[in-house]
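For chain A, the structure is supplied; the task is to place chains B and C on it using the hints.
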Amino acid sequence: MSEKKLRMQLQCPMPKLDFDVITLGHGSGGVLTNKLLDSGVFDLLSNPILNEKHDGAIFKLDGEMAFSTDSFLVSPIFFPGGNIGELAVNGTINDLSMCGALPKYISLSFIIEEGLKMSEFWDILLSIKLACEEAGVQVVTGDTKVVEKGKGDKIFINTSGVGKLHPKAKIGAKNIQEGDSIIVSGNIASHGMAIMSVREGLEFDSEILSDTTNLNHTVSSLLDEFEHKIHLLTDPTRGGVATVLKEIAQNIGLGIEISQNKLPVNSQVAGACELLGLDPLYVANEGLFIAFVDATIEEDFLKKLQKDSNGINAKVIGKVVKDHPNQVVMESAIGGKRVISMLPGEQLPRIC
Amino acid sequence: MSEYRDPELAKKYLEEIKKTVTQPWSIMEVCGGQTHSLVKNGIIEMLPKEVTMIHGPGCPVCVTSLSVIDKAIHLALEKNVILCSFGDMLRVPGSGKNLLEAKAEGADVRILYSPLEAVKIAEDNPNHEVVFFAVGFETTAPANALSIIHAHRKKLNNFSILISHVLVPPAIKAVIQDEESKIDGFLAAGHVCTIMGNSEYYPLSREYKVPIVVTGFEPLDVLQGILMVLRQLEAKSYKVENQYSRIVREEGNAEAQKIIHSVFEIKNQIWRGIGEIPDSGYKVRSKYQSFDANQKFNITINEAPENPDCISGQIMKGLKKPFECSQFGKKCKPTNPLGAPMVSSEGACAAYYHFSGLVEA
Amino acid sequence: MCLAIPGKINSIELQYGGAVRMATISFGGITKEASLEMLPDADIGDYVLVHVGVAISKVNEEEAQKSFKYLEELGELGELTDVDNYLPKSM
Chain A
1 MSEKKLRMQL
11 QCPMPKLDFD
21 VITLGHGSGG
31 VLTNKLLDSG
41 VFDLLSNPIL
51 NEKHDGAIFK
61 LDGEMAFSTD
71 SFLVSPIFFP
81 GGNIGELAVN
91 GTINDLSMCG
101 ALPKYISLSF
111 IIEEGLKMSE
121 FWDILLSIKL
131 ACEEAGVQVV
141 TGDTKVVEKG
151 KGDKIFINTS
161 GVGKLHPKAK
171 IGAKNIQEGD
181 SIIVSGNIAS
191 HGMAIMSVRE
201 GLEFDSEILS
211 DTTNLNHTVS
221 SLLDEFEHKI
231 HLLTDPTRGG
241 VATVLKEIAQ
251 NIGLGIEISQ
261 NKLPVNSQVA
271 GACELLGLDP
281 LYVANEGLFI
291 AFVDATIEED
301 FLKKLQKDSN
311 GINAKVIGKV
321 VKDHPNQVVM
331 ESAIGGKRVI
341 SMLPGEQLPR
351 IC
Chain B
1001 MSEYRDPELA
1011 KKYLEEIKKT
1021 VTQPWSIMEV
1031 CGGQTHSLVK
1041 NGIIEMLPKE
1051 VTMIHGPGCP
1061 VCVTSLSVID
1071 KAIHLALEKN
1081 VILCSFGDML
1091 RVPGSGKNLL
1101 EAKAEGADVR
1111 ILYSPLEAVK
1121 IAEDNPNHEV
1131 VFFAVGFETT
1141 APANALSIIH
1151 AHRKKLNNFS
1161 ILISHVLVPP
1171 AIKAVIQDEE
1181 SKIDGFLAAG
1191 HVCTIMGNSE
1201 YYPLSREYKV
1211 PIVVTGFEPL
1221 DVLQGILMVL
1231 RQLEAKSYKV
1241 ENQYSRIVRE
1251 EGNAEAQKII
1261 HSVFEIKNQI
1271 WRGIGEIPDS
1281 GYKVRSKYQS
1291 FDANQKFNIT
1301 INEAPENPDC
1311 ISGQIMKGLK
1321 KPFECSQFGK
1331 KCKPTNPLGA
1341 PMVSSEGACA
1351 AYYHFSGLVE
1361 A
Chain C
2001 MCLAIPGKIN
2011 SIELQYGGAV
2021 RMATISFGGI
2031 TKEASLEMLP
2041 DADIGDYVLV
2051 HVGVAISKVN
2061 EEEAQKSFKY
2071 LEELGELGEL
2081 TDVDNYLPKS
2091 M
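Chains as they are written, first to last, in my numbering: chain A, 1 to 352; chain B, 1001 to 1361; chain C, 2001 to 2091.
Pulled out of the complex, with its shape left as it was, chain A reads as follows (with noise of 0.2 Å):
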């Protein structure tokens, strides 16, 4: 567990309650949810916002605004380098960051599975705390609900966020052009291997954490130096990053050239993949972005992502250009080229 974990644990401790589960009780919106709620979630993330305890957040937010909505059902819940809480809170902002925007402030809804045990739940409101801490951001309106036994898988969590548009940023597909510089901003398929590496059935000895992290600091700053000249950020969660390329390729009408060599994978990461006969282009990832930047700017831009904590590992991967429209073509180790296209569904491990 991080340093940063510990010590909010210790400042943090879990408040003497007369219930280890949560029970279907708990959702209904009696006295036990509003034990649940006051001694747990109110208390914890404590904002002024937040504390009115109305039916809804009012705040006040000038100018172009962005707004995204995502949700969880990771499992395990708790995986090497995180738990559902932090990634849930970091992905809403990583979007809202992809858009441009300073994220400010989120909702957090949680469908809870009876049975869920108290001290789990408490450790996910930690890191929930904890990565809106270190974004910055508030939990200014949420809502908690209880189904049976059976009818969730531990924990379910949605997140929406808003933020202020960055007065600089100009981002969108239309404004990809050929000869565009495209950027990953760290070590790819780190997040899926690390879920892989304690999914029953393909458990394997590793370090291979999570990359769940906020990105909008390093966002932020980028878009501070480079204003217009980033074209597109985008991150590659689900379905990994020869997913997202192949939509964009079809969505701009240009095409896409990456190379092998150049992607960055963690050694370990690189042999779990071998081992399990997965692809790690197709891998989810979580802290992770890819920027579309103009040609110009590509080695300045390079240059000050690899001196931020979130873009240490950060690679020029390849570019755009005009052949072969709407299309992904990887040039491999050795040299051939192959066509990328999207998987028909999840990434299944093979044997042949």
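Simulated from the structure, these hints should not be mistaken for lab results. Incorrect hints may have been included.
Said to hold, decoys possible - Stretches of chain B that chain C covers, calculated by requiring three or more beta carbons in the stretch to come under 8 Å of a beta carbon on chain C: (1) 1135-1144; (2) 1189-1198.
To be verified - Straight-line Cα separation of at most 27 Å, DSS-like style, residue types lysine-lysine; simulated pairs: (3) A:Lys307 x A:Lys262; (4) C:Lys2069 x B:Lys1239; (5) B:Lys1236 x C:Lys2008; (6) B:Lys1320 x B:Lys1209; (7) A:Lys154 x B:Lys1120; (8) B:Lys1236 x C:Lys2066; (9) B:Lys1333 x A:Lys246; (10) A:Lys337 x B:Lys1011; (11) A:Lys149 x B:Lys1120; (12) C:Lys2066 x B:Lys1239; (13) A:Lys322 x A:Lys170; (14) A:Lys337 x B:Lys1333; (15) B:Lys1049 x A:Lys337; (16) A:Lys151 x B:Lys1097; (17) C:Lys2069 x B:Lys1019; (18) B:Lys1283 x B:Lys1097; (19) B:Lys1011 x C:Lys2066; (20) B:Lys1103 x A:Lys154; (21) B:Lys1258 x B:Lys1097; (22) A:Lys4 x A:Lys117; (23) B:Lys1236 x B:Lys1011.
By construction, the Cβ of each residue, glycine as well, lies at the ideal position given by its N, Cα and C atoms.
Chains B and C alone, transformed into the frame defined by chain A:
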């Protein structure tokens, strides 16, 4: 392993291949893993146009018969059965749905890395029947056999395997014997030979005058294997060579063969898209019948007819190319496969579909 | 068929009352268990090929070196020029 992916060496092999060929040759790579390597590394485009690679039937996922998949789905939907399987089988359609869809309907279907883990699941769930969908070539047979041996040793009565094992040499024989097939040389499957050795290929090479080279799966392995076949063809020599000698011994793995033969015996087998090939499959020996899901669960499912538009048999024998199929890319795509070779990423049709963009360009 | 990758045996444990040798195998930092029942003389430090949880062969280093010399040998037949590029790489 990176030394087997060295781009400089790959270039040298390609140059040497270009220098060696004086006329068109067709080479079949038998194994799906080899097909995967050729496509993934873009090797097919890099070969000179005189060399045509034909993708063989070496994809056990692709050749598992419809009735076996239907049986697996039937078992999975039985409330008390935990159906364990390798990941790549989950999307293969039976006559109706596939295992992934059965899972969505509530079946307890689990993806495992190893059949030995299924034995553990049986131990941990004594009140459930655990069935392992034992698919594969000879490479996987020892592991599947071991799962029965382990279960037997632990005296488990809730474990069994649903077997669909296919053997490579009879398939190569069937392909060579087909009068219409025009294959000049073969790349034999390196990991199958790791278990079984190379002996079965000598009579085939001699009788039908075809060079057979056992290769590995890294790009340099496959390139070296192709070069070795071409050199033989140009010199009119027809022998068995072992490119994968760092792993494959002439006699194979004797211990593994012993384990296979103690648990399985040879039988005729239906290959999806091809039909019945004599002596080309395994069944569980009667002494282990309590671990044979076919015996334990008396389900008779008739072999469903293949989609009439699907020409997978001809493709897997190398007689037609995927884009010569009327449904290729139209009704038949990876998201809606009409037949076996479009399902697995190693099937010839799926492989061509994925890099078809380049072919048209 | 079939996905098998080479790894190094880190440790060996006897299970089921001594009947089964299970090894912990390292694949470039990832470790996973595999059965050694098919390789009775495999030992700690050996490189083995593992397929679906079972080690199926030992890696023969000498043979591995030979495969890199293949093109060099062809070169000795007078067909290639730049021999230096074909010297075997170290494992």
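Next on the checklist: So if I understand the rule, the pair passes when the alpha-carbon distance is 27 Å or less; does B:Lys1236 with C:Lys2066 pass?
Outcome noted: OK: B:Lys1236 and C:Lys2066 at ~25 Å, within 27 Å.
Checklist entry - Given the proposed pairing of A:Lys337 with B:Lys1011, does the C-alpha separation stay at or below 27 Å? => result With Cα atoms ~14 Å apart, A:Lys337 and B:Lys1011 stay inside 27 Å; holds.
Checklist entry - Can the restraint linking C:Lys2066 and B:Lys1239 be considered satisfied, given a maximum Cα separation of 27 Å? => result 20 Å, holds
Checklist entry - Regarding the pair C:Lys2069 and B:Lys1019, is the alpha-carbon distance no greater than 27 Å? => result Within the cut-off at roughly 19 Å; holds.
Item to check | Given pair status - B:Lys1120, A:Lys149, alpha carbons within 27 Å | outcome: 26 Å, holds
Checklist entry - Within a Cα-Cα threshold of 27 Å, do A:Lys337 and B:Lys1333 meet the stated pairing? => result 22 Å, holds
Next on the checklist: Given the hinted pair B:Lys1320 and B:Lys1209, is their Cα-Cα distance within 27 Å?
Outcome noted: 22 Å, holds
Checklist entry - Taken at face value, is the distance from the CA of C:Lys2066 to the CA of B:Lys1011 at most 27 Å? => result Holds - the C-alpha atoms of C:Lys2066 and B:Lys1011 are around 19 Å apart, at most 27 Å.
Checklist entry - Regarding the pair B:Lys1103 and A:Lys154, is the alpha-carbon distance no greater than 27 Å? => result Since the Cα atoms of B:Lys1103 and A:Lys154 sit roughly 19 Å apart, the hinted pair holds (cutoff 27 Å).
Checklist entry - Is the Cα-Cα distance between B:Lys1236 and B:Lys1011 27 Å or less? => result Cα-Cα ~25 Å, so holds.
Checklist entry - Would the pair A:Lys154 and B:Lys1120 pass a check requiring their Cα atoms to be no farther apart than 27 Å? => result It holds: about 24 Å lies between the C-alpha atoms, which stays within 27 Å.
Next on the checklist: Run the distance test for B:Lys1258 versus B:Lys1097: straight-line Cα separation, threshold 27 Å.
Outcome noted: Violated - the C-alpha atoms of B:Lys1097 and B:Lys1258 are around 37 Å apart, more than 27 Å.
In this structure, the earlier hints numbered 5, 21 are contradicted, and the remaining ones agree with it.
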